[in-house]
Amino acid sequence: MSAPNQARERSGQTALAEEMTGAEIVVRALRDEGVETIFGYPGGAVLYIYDELDKQDAVQHVLVRHEQAAVHAADAYSRATGKVGVALVTSGPGATNAVTGIATAYMDSIPLVVITGQVPVALIGNDAFQEVDTVGITRPCTKHNFLVRDVNELAQTIKTAFYLAASGRPGPVLIDIPKDVTAKRCVYDYPDKVQLRSYKPTVKGHSGQLRKALQLIAASERPLFYTGGGVILSDSATELTRLVRHFGAPITQTLMGLGAYPASDRQFLGMLGMHGTYEANMAVQHCDVLVALGARFDDRVTGNLSHFAPHAKIIHVDVDPASISKNVKVDIPVVGDLRSVLQEMNELAVEMETRCDPARLQRWWAQIEEWRARNCLHYEQGDAIIKPQFVIQKLFELTGGDAIVTSDVGQHQMWAAQFYGFDRPRRWINSGGLGTMGFGLPAAMGAQMAEPDRTVLCVTGEGSIQMNIQELSTCQQYKLPIKVACLNNGYLGMVRQWQEFFYEERYAMSYMDALPDFVKLAEAYGHVGLQAKQPSDVEPVIREALRLKDRMVFMDFLVDRTENVYPMVPAGAALSDMILV
Amino acid sequence: MRRHIISVLLENEAGALSRVAGLFSARGYNIEAMTVAPTHEATVSRMTILTQGSEDIMEQVLKQLNKLVEVIRVHDLSEGPHIERELMLIKVHAVGPDREEVKRLSDIFRGRIIDVTDRSYTIELTGTGEKLDAFLHALDPGMVIEVVRSGASAISRGAKSI
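For the protein sequence lines, the chains are A and B, in the order given. So for the first sequence, the numbering used here puts the first residue at 1; every next one is plus one. So for the second sequence, the numbering used here puts the first residue at 1; every next one is plus one.
Calculated directly from the structure, the hints in this document are not laboratory data. On a predicted model such as this, the values are computed, not experimentally measured, just so you know. Every clue listed holds true.
List of simulated lysine-lysine pairs, DSS-like, C-alpha gap at most 30 angstroms: (1) B:67 <-> B:160; (2) B:63 <-> A:83; (3) A:204 <-> A:326; (4) B:67 <-> A:83.
Let the hints inform the model, and build the full structure from the sequences given.
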């Protein structure tokens with residue numbers, strides 16, 4: 001009996017079952033998962049899969065110019081929509097180029113399925129052409145990964161990969177598929193669900209713990225909510241807003257959490273951490289109850305751990321038990337999916353009539369307003385030099401605060417986080433954990449593919465943009481009307497800032513010489529390039545860019561070369577030890 | 001800092017061992033010894049890891065191990081009564097008067113001589129790591145030709161499984 005026949009016997013579906021090649025199975029499974037858009041780059045080991053992709057139009061493939069960009073784009077597609085992002089790359093260099101993208105998604109817990117080609121099974125381990133040990137290389141930066149050696153396991157593996165990527169604490173899952181597996185045939189039988197004895201993420205929080213948590217908040221004098229990317233990932237912004245308003249307590253958010261609670265609301269204190277606001281960091285240092293929701297006490301958030309929130313009892317809700325009490329000892333731990341937990345907390349808060357004492361809360365707010373009055377984000381925009389903060393503020397105003405903003409990594413990222421007030425989740429897309437320069441432009445492509453009618457803004461710098469500048473070509477091919485705002489100060493600004501503060505102004509390699517003419521470069525790729533040299537240019541340039549709805553526009557803002565991001569908590573210092581303007 | 005013996009049940013799949021080993025090296029956890037082999041269920045392997053660390057670190061070790069998709073169960077055996085055994089094979093010079101002395105010492109430690117030449121003995125010894133250490137210390141270091149230790153295997157006392 002031939003192998004396909006055996007498979008058919010096994011599945012017991014002789015009459016109905018369809019026999020397919022591995023490549024057909026990959027494409028069909030993507031369709032059955034509801035995948036509409038994938039990002040990738042072809043190569044020898046994935047040619048059968050590309051051949052199948054070309055025969056159908058349910059799954060659209062976006063051809064990038066570098067595999068790193070494929071993964072970033074899939075990542076941002078996921079961040080914008082909440083769906084699992086999908087990238088497809090070839091073996092060897094295709095896979096290694098994808099690694100930075102995978103690690104970026106892993107650090108920010110973004111659900112991705114990355115499919116890599118591999119050399120034929122018989123050649124694995126032989127140092128074959130374009131062979132690398134992809135599962136070995138990606139093991140520490142994926143939630144899980146698979147090497148599929150048998151076409152009969154392909155459908156089940158794809159199903160499991162999507163399930164793992166999206167459930168529990170989300171993350172990237174990689175499937176490495178040898179070329180011969182994509183050519184072999186078997187019966188396609190896509191499973192409905194996945195049962196894994198070794199993987200059962202907790203969804204519902206412990207009700208007794210939640211009651212204790214609510215009582216602790218109600219009994220507090222100086223409560224503070226501190227929320228992170230988990231709120232966005234679990235789509236629980238509405239529930240969060242309800243709970244925070246119920247208690248009338250202040251809230252601060254991490255870089256990854258921005259947009260979950262409306263930035264325009266009075267209860268919002270701004271971001272906390274290294275470049276957090278004065279009022280947010282002071283509130284952390286003085287609160288007596290800290291409610292951490294879907295945040296992981298990252299070092300950029302806590303500063304010196306031994307001085308972090310010294311007076312606070314800490315409640316921590318997270319879907320990942322390993323995040324709880326990892327950096328900071330927690331008084332009330334709750335493991336569970338935030339949406340489920342927050343829904344239950346809201347119901348319990350009403351049922352138990354837990355409220356904060358108004359007089360105490362008022363005293364706390366009076367103190368916070370005093371800190372807020374310090375106006376820590378203040379800057380002076382004169383007539384001569386464009387302040388980078390001013391550009392972001394104008395972008396915010398002229399887009400009505402409603403764009404999807406992607407960013408690269410560095411000073412511009414911090415200014416975007418500080419000055420673009422996000423009122424909604426999934427509008428702020430940046431590489432928080434890994435801090436990947438080069439993320440912004442491909443991320444904007446992913447976001448624009450997901451939301452074709454929304455303004456997508458890529459806030460970047462002249463350093464970061466050059467790390468994936470080749471993607472201007474992809475933007476042309478797919479007519480993506482992204483608006484790039486490059487805060488061009490001729491320096492790797494964040495590096496320069498650290499050198500100014502901590503390396504006695506020795507600016508080693510932070511000066512960017514020989515920059516291209518970005519306007520001409522944009523034009524060379526068929527886009528529109530605009531430059532703003534003085535403050536009065538800023539608004540007209542942005543207006544013109546937004547007017548050109550169907551065009552990609554590269555806005556090059558020549559900004560103050562030595563502006564710094566304030567406030568700043570030096571690495572290793574307590575949060576209250578901020579460098580202020 | 002305390003010594004811990006951690007038992008891990010995991011899917012008997014290619015790469016699972018590497019995931020556990022990689023976790024320990026990536027996060028800087030200490031490994032003194034690690035053994036792994038299939039159990040009575042062919043699809044399940046059991047790993048015994050000998051490690052040490054503060055309570056905080058051990059909490060993280062257990063949580064991080066649990067997080068690995070292929071890990072079915074994790075248990076810190078040192079939290080309760082348990083039995084620990086390690087196997088050591090040791091090849092020693094055995095000539096002249098030493099020959100009888102080594103035999104006696106091996107008997108005292110309940111060792112078995114499993115290979116003999118006119119110049120050497122190979123002894124098999126099981127017990128806790130401490131007992132094996134003690135045997136090694138009892139021998140004149142100049143006599144030892146070769147030592148191989150299996151690393152600890154451990155199981156909880158009583159009728160229940162982990």
